[in-house]
Amino acid sequence: MAAARRRATGALAACVLAGILCAPGSAIGATATRTPTPRAGPTALLVFAPVGERSLASLPGMSVGILSAADGGASRAQLQLDITQGARLPSGAYGSPPPPLELATAGSVGHIYGWGRALARARHAPGELRPGLLASSLAGAAYAATPGTDADAPVAAAEDGSVAAVSLGAPATLAPRIQALLAGRPLVVATIAAGRDANRVLAQLAAARRP
Numbered sequence: 000m001a002a003a004r005r006r007a008t009g010a011l012a013a014c015v016l017a018g019i020l021c022a023p024g025s026a027i028g029a030t031a032t033r034t035p036t037p038r039a040g041p042t043a044l045l046v047f048a049p050v051g052e053r054s055l056a057s058l059p060g061m062s063v064g065i066l067s068a069a070d071g072g073a074s075r076a077q078l079q080l081d082i083t084q085g086a087r088l089p090s091g092a093y094g095s096p097p098p099p100l101e102l103a104t105a106g107s108v109g110h111i112y113g114w115g116r117a118l119a120r121a122r123h124a125p126g127e128l129r130p131g132l133l134a135s136s137l138a139g140a141a142y143a144a145t146p147g148t149d150a151d152a153p154v155a156a157a158e159d160g161s162v163a164a165v166s167l168g169a170p171a172t173l174a175p176r177i178q179a180l181l182a183g184r185p186l187v188v189a190t191i192a193a194g195r196d197a198n199r200v201l202a203q204l205a206a207a208r209r210p
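According to numbering that gives the first Met the number 0, the sequence shown is numbered sequentially starting from 0.
Calculated from the structure, these hints are not laboratory results. Quantities reported herein were computed from a predicted structural model and do not represent experimental measurements. We put the CB at the ideal spot given by N, CA and C, even for glycine. Fair warning: there could be bad hints in the mix.
[Unchecked claim] Estimated spans, in silico, between C-beta atoms of each pair:
1) Pro59 with Ala103: 34 to 40 Å
2) Ser136 with Gly194: 16 to 22 Å
3) Ser54 with Gly85: 39 to 45 Å
4) Gly126 with Arg53: 33 to 39 Å
5) Arg195 with Ser95: 35 to 41 Å
Given these sequences and hints, build the entire structure.
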């Protein structure tokens, strides 16, 4: 992440792990801790974690890179939209700041409140921006987090604002819940809450993704 984006996300590091984004559920909630059946084909895992570069690089299987250097600042909501649409514009190219985006759940699926306003904003910007293109291109993405730490859920939204699968539960079950979602979805987005367990969860995920 560029320095501007690190500031904008409150020192939140987006981890693109070897085997997490390029290597080769769907149980939700309490049942998600069961050992999942491996999904055929490649899968990708995008993790947002409150860890610094040095701490991240010290974990087995982790590599640190700087992605998409930017001029000026970027809000967390704009960063999320940029990831979903696969394109970035200077903040001044938009006629307004990004709207607040919040996850609402109904059982094991979700929807992002504010998504309609994000789409309307993109339509009035230069170019052909399609928020949600990433998840829609993969027939839907999944999202995992702990309750109250689900701010990165918009990254898993499809073009209609839907999140195909959502798993919210206790911190101790986060890694197995992510693995369960990966058994049924090609893309899983996850948020790891700040705390002493962040490195442990990352290490568990990296170990599970090794070839």
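We went through each hint and held it up to the structure:
1. Pro59 with Ala103: 34 to 40 Å: holds, 37 Å
2. Ser136 with Gly194: 16 to 22 Å: Given about 33 Å between the Cβ atoms, the range is violated.
3. Ser54 with Gly85: 39 to 45 Å: violated, 29 Å
4. Gly126 with Arg53: 33 to 39 Å: Holds, at about 37 Å.
5. Arg195 with Ser95: 35 to 41 Å: holds, 39 Å
Comparing the model with each numbered hint stated earlier shows that hints 2, 3 do not hold.
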